[in-house]
Amino acid sequence: MSAVELPGQATLEVSTIDTGELRVRTALENGGLTVHFAGSADSRSMMSIDGLLTKVHAEALRLAVGEVTADFRGFDFMNSSCFKAFVSWICRVEELDAAAQYKICFLSDEAKHWQRRSLDARKSFAVDLIRTET
Amino acid sequence: MRATLDEVIAAPDAQAHYLTLMRRTAKRVDGSGLGLGRVRAESEMQLTYTIEGENVLLRAEMRLAAEEPS
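So the protein sequences, as listed, match chains A and B.
Taking the working numbering as reference, the numbering of the first sequence is continuous, increasing by one, and the terminal residue is 134.
Taking the working numbering as reference, the numbering of the second sequence is continuous, increasing by one, and the terminal residue is 70.
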């Protein structure tokens, strides 16, 4: 993890994953926090993703962002262990007082059919917190 | 094992059961507990299984529309 200082803006503690198969980077973009996912994630990536989402959650609270964007457009697939890491993240946001909660936006690629099915399920899980964009 | 499989397979509403699994397993630390529920809910496949000794054979099936001849 390293820190990036943006002129006139907040400092983001940046987390990245790069295993070759899976690449994840975080960035402050458009006034919010964005996490870009690329490649595919299997059970070997679960701990990394869970740890990264824990850091993202802490940074979102520290920076008091209104929304965190998870950019899945380059995400080819993830297995259920990694999917559960996202469920756990959403639960952590749900457990916050309403004033401290932030929204989660999933950017998806319509051509990747698994994303539509998975994101529909996730949106049903926490209707008030989650929105999806293509 | 049998109880877990039966629960996933017999749930009348696969989507609703999948959401229940998400709630139940959110704080679980070993494994996801979601895999089969996810297969059934997201792929709309029918699951069946047989257990023979220490072997479990799980079958996931779906019916696809035949492609119309061009």
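Don't take every hint at face value.
[To be verified] One side of the interface only, derived from the structure: several residues of chain A facing chain B at Cβ under 7 Å:
{"hint": "1", "residue": "Phe-77"}
{"hint": "2", "residue": "Ser-80"}
{"hint": "3", "residue": "Val-87"}
{"hint": "4", "residue": "Lys-123"}
[Unchecked claim] PhoX-like, lysine-lysine: derived pairs with alpha carbons at most 25 Å apart:
{"hint": "5", "chain 1": "A", "residue 1": "Lys-55", "chain 2": "B", "residue 2": "Lys-27"}
{"hint": "6", "chain 1": "A", "residue 1": "Lys-55", "chain 2": "A", "residue 2": "Lys-123"}
{"hint": "7", "chain 1": "A", "residue 1": "Lys-103", "chain 2": "B", "residue 2": "Lys-27"}
{"hint": "8", "chain 1": "A", "residue 1": "Lys-112", "chain 2": "B", "residue 2": "Lys-27"}
{"hint": "9", "chain 1": "A", "residue 1": "Lys-103", "chain 2": "A", "residue 2": "Lys-55"}
{"hint": "10", "chain 1": "A", "residue 1": "Lys-123", "chain 2": "A", "residue 2": "Lys-112"}
{"hint": "11", "chain 1": "A", "residue 1": "Lys-123", "chain 2": "A", "residue 2": "Lys-103"}
Calculated from the structure, these hints are not laboratory results.
Here a beta-carbon is modelled for each residue, glycine too, at the ideal position from N, C-alpha and C.
field: Proposed proximity, Lys-27/B with Lys-103/A (alpha carbon, max 25 Å)
entry: holds, 20 Å
- prompt: Is Lys-55/A close enough to Lys-27/B, meaning Cα to Cα at most 25 Å?
  reply: Holds. Lys-55/A to Lys-27/B sits at ~17 Å (cutoff 25 Å).
task: Assess, step by step, whether the Cα of Lys-112/A is no farther than 25 Å from the Cα of Lys-27/B, and give holds or violated.
output: Distance ~28 Å between Lys-112/A and Lys-27/B Cα, so the pair is violated.
query: Taking the least C-beta to C-beta distance, is Val-87/A closer than 7 Å to chain B?
result: holds, 5 Å
- prompt: Is the hinted pair Lys-123/A and Lys-103/A satisfied, with a Cα-Cα distance of at most 25 Å?
  reply: With a Cα-Cα distance of about 11 Å, the restraint between Lys-123/A and Lys-103/A holds, given a limit of 25 Å.
query: Any CB of chain B closer than 7 Å to the CB of Ser-80/A?
result: holds, 4 Å
- prompt: Straight-line Cα separation of Lys-103/A and Lys-55/A no greater than 25 Å?
  reply: Between Lys-103/A and Lys-55/A the Cα gap is close to 16 Å, so the pair holds against 25 Å.
- prompt: Under the criterion that the straight-line Cα-Cα distance not exceed 25 Å, is the pair Lys-55/A, Lys-123/A satisfied?
  reply: holds, 22 Å
query: When the nearest CB of chain B is found for Lys-123/A, is that gap smaller than 7 Å?
result: violated, 11 Å
message: Under 7 Å is the threshold here; is the Cβ of Phe-77/A close enough to any Cβ of chain B for the hint to stand?
response: Where the cut-off is 7 Å and the nearest Cβ of chain B is about 12 Å from Phe-77/A, the hint is violated.
task: Below or equal to 25 Å on CA atoms is what counts here, so check Lys-123/A against Lys-112/A.
output: holds, 17 Å
The earlier numbered hints that this structure contradicts are 1, 4, 8.
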